[in-house]
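> Sequence:
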Amino acid sequence: MTSKKIYSILLLRNKKQKRKEKKMVLTNELKGRIVAKGLTQGEVAEKLGITPKTFSSKLEKGIFTTIEIEKLIKILDLKKPWEIFFAE
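The opening position of the sequence shown corresponds to residue 1 in my numbering, with each subsequent residue numbered one higher.
Please keep in mind that the hints were generated in silico from the structure rather than gathered at the bench.
The model shown is predicted, which means the values in this text are computed figures rather than measured ones.
Think of the CB as a built atom: it goes at the ideal place given N, C-alpha and C, for glycine as much as any other residue.
Treat each hint with caution, since some may be false.
[Unchecked claim] Listed next, the in silico EDC-like pairs over lysine to aspartate or glutamate satisfying Cα-Cα at most 20 Å (straight line):
no.	residue 1	residue 2
1	K53	E83
2	K80	E46
3	K31	E83
4	K58	E43
5	K58	E46
6	K31	E68
7	K58	E29
[As the list claims (entries may be wrong)] Computed beta-carbon distance windows for the label pairs:
no.	residue 1	residue 2	range
8	K53	K79	15 to 23 Å
9	L26	K74	17 to 25 Å
10	G32	K61	13 to 21 Å
11	K61	P81	15 to 23 Å
12	K80	K53	16 to 24 Å
13	N28	P52	14 to 22 Å
14	Q41	P81	12 to 20 Å
Using the sequences and the hints, build the whole thing.
Right, dumping it as structure tokens:
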């Protein structure tokens, strides 16, 4: 294996690791708030204007757009959204 190929593999691995680190949403907490509000993930997805599959994917990755976060705060009536969306 050439050093160039090894370097490429290491770069790819590093990028994947960084993507995992970007998760700033406490997804289990968000799921709990959805249930507590008496909603399903499908209903929340509909209110966000996205498909349930897309919502599930975003929830799994923990990555939402600013607009989606603003809508989720309103939909779920979150009093302290930073505890869910800006967790470290």
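> All hints are to be evaluated individually against the structure, with a verdict given for each.
Hints and how they fare:
| no. | hint | in the structure |
| --- | --- | --- |
| 1 | K53 x E83 | 25 Å, violated |
| 2 | K80 x E46 | 23 Å, violated |
| 3 | K31 x E83 | 13 Å, holds |
| 4 | K58 x E43 | 15 Å, holds |
| 5 | K58 x E46 | 14 Å, holds |
| 6 | K31 x E68 | 15 Å, holds |
| 7 | K58 x E29 | 14 Å, holds |
| 8 | K53 x K79: 15 to 23 Å | 29 Å, violated |
| 9 | L26 x K74: 17 to 25 Å | 18 Å, holds |
| 10 | G32 x K61: 13 to 21 Å | 18 Å, holds |
| 11 | K61 x P81: 15 to 23 Å | 18 Å, holds |
| 12 | K80 x K53: 16 to 24 Å | 29 Å, violated |
| 13 | N28 x P52: 14 to 22 Å | 18 Å, holds |
| 14 | Q41 x P81: 12 to 20 Å | 18 Å, holds |
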